[in-house]
Structures are given as structure tokens and as C-alpha cells.
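Generate the whole structure from the sequences, applying the supplied hints.
Residue numbers (our numbering), protein chains in the order written: chain A, 30 to 110; chain B, 30 to 110.
Derived from the structure by calculation, the hints contain no laboratory data.
It is possible that some hints are incorrect.
For chains that are exact copies, the list does not tell them apart, and a pair is met inside one copy or across any two.
[Stated by the list, open to error] Computed cross-link-like contacts, SDA-like style, restricted to lysine to any residue with a CA-CA straight-line distance of at most 25 Å: (1) Lys39 / Ile70; (2) Lys39 / Pro107; (3) Lys39 / Glu76; (4) Lys39 / Asp72.
2 protein chains.
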Amino acid sequence: MRWEVRVELKPGILDAEGESIARSLALLGIAGVRRVGTARIYDLEFENVSAPEAERLARDAVDRLLANPVIHRVTVRPGPS
Amino acid sequence: MRWEVRVELKPGILDAEGESIARSLALLGIAGVRRVGTARIYDLEFENVSAPEAERLARDAVDRLLANPVIHRVTVRPGPS
Numbered sequence: 030m031r032w033e034v035r036v037e038l039k040p041g042i043l044d045a046e047g048e049s050i051a052r053s054l055a056l057l058g059i060a061g062v063r064r065v066g067t068a069r070i071y072d073l074e075f076e077n078v079s080a081p082e083a084e085r086l087a088r089d090a091v092d093r094l095l096a097n098p099v100i101h102r103v104t105v106r107p108g109p110s
Numbered sequence: 030m031r032w033e034v035r036v037e038l039k040p041g042i043l044d045a046e047g048e049s050i051a052r053s054l055a056l057l058g059i060a061g062v063r064r065v066g067t068a069r070i071y072d073l074e075f076e077n078v079s080a081p082e083a084e085r086l087a088r089d090a091v092d093r094l095l096a097n098p099v100i101h102r103v104t105v106r107p108g109p110s
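Take a look at the structure:
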């Protein structure tokens, strides 16, 4: 049983890494890129846990370790099995 | 037009961040997690570029900046519009 957590910055929060990549792409001559956003994926693999319990644990992991609610937008969804 | 690039480590390459997160979750009492894998998402937003051209530019960005073919597995797909 896998759950995939996606953590990205909320709209309005500066994505410094994305900005830096956009600038680097322009310098490399890769034009036409208006914006680069970044996100982090955490693929959590559970064992001996029911699907609802795994989701609960995944959301617990988000709240206590993986994301900061002030700046992050989080999506939790079932991962590829 | 958006393309989403997902960069993750190839199977067999140590995911140090994932391992560290798995250990931290166990220390927090969040049990049942067998493995944590991590990936990075780059959401590339293009302007004034056709869809095929945007895909070509996204793959060019992967080859020249975003990933290392020795250790990374890359997926490129159309992003949410």
C-alpha cells in the first residue's frame, strides 16, 4: 500500500529554486519558459496497514514532518500499487 | 501550455533523504512505513510555444539542467492546463 504526498509552495510564496531554474534555462538558450514551479514528492510505502490507516498515517506524517502549513500546499493520494 | 517533469532516483541508487525521513517517522511513532522514496517535480510553464515544441524544450531542459542520466529516472508529461 503506497500513498504519494506532494508538497508545493502556496501561490504567492516565492519559489526561489523555480526562479533560479527559469533563469538558468534562459541562459542556456531554452526560451519560451514563462515560469518554473517546483514540488517535492514523498512516496510512502506501508506494510501490514489497512488503506484507511495508511492514509491516516500519511496525513500524520505531513502534519508532523513533511510540510509547513504556513507556506505549503499538500496533496495526498493513493500511489501506484 | 505546461509540462511536468518528474525526476527520481533510479532503483538501486540510495535515496538518502527518503531513508532519513523513514527513520524520522519511526522516531515520531508513525509506524508501518517500510520505505520512503522522494522525487522532484518541475512544472514548466511555456508561452507562445506549440505543444510539441514545448515538449521538445522540456526534454532539452531535462537533458541539460534538471537531471543526471546516470542516477535519475525522468518522466515528462503534459501538466494541468
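Checklist line | Status of Ile70 relative to Lys39 across identical chains (alpha carbons, at most 25 Å) | finding: both (15 Å within a copy, 15 Å between copies)
Notebook entry, point to check: Between copies, within a copy, both or neither: which fits Lys39 and Glu76 at Cα up to 25 Å?
Noted result: Result: close only across copies, 22 Å inter versus 32 Å intra.
Next item on the list: Indicate which option fits the pair Lys39, Pro107 if close means a Cα-Cα distance not exceeding 25 Å: within, between, both or neither.
Entry: Both, since 22 Å and 21 Å are each at most 25 Å.
Note to self: One pair to classify: Lys39 and Asp72, alpha carbons no more than 25 Å apart. Within, between, both, or neither?
What the structure shows: For Lys39 and Asp72, both the intra-copy (21 Å) and inter-copy (14 Å) Cα distances are at most 25 Å.
Consistency with the previously given hints is maintained throughout, with no hint failing.
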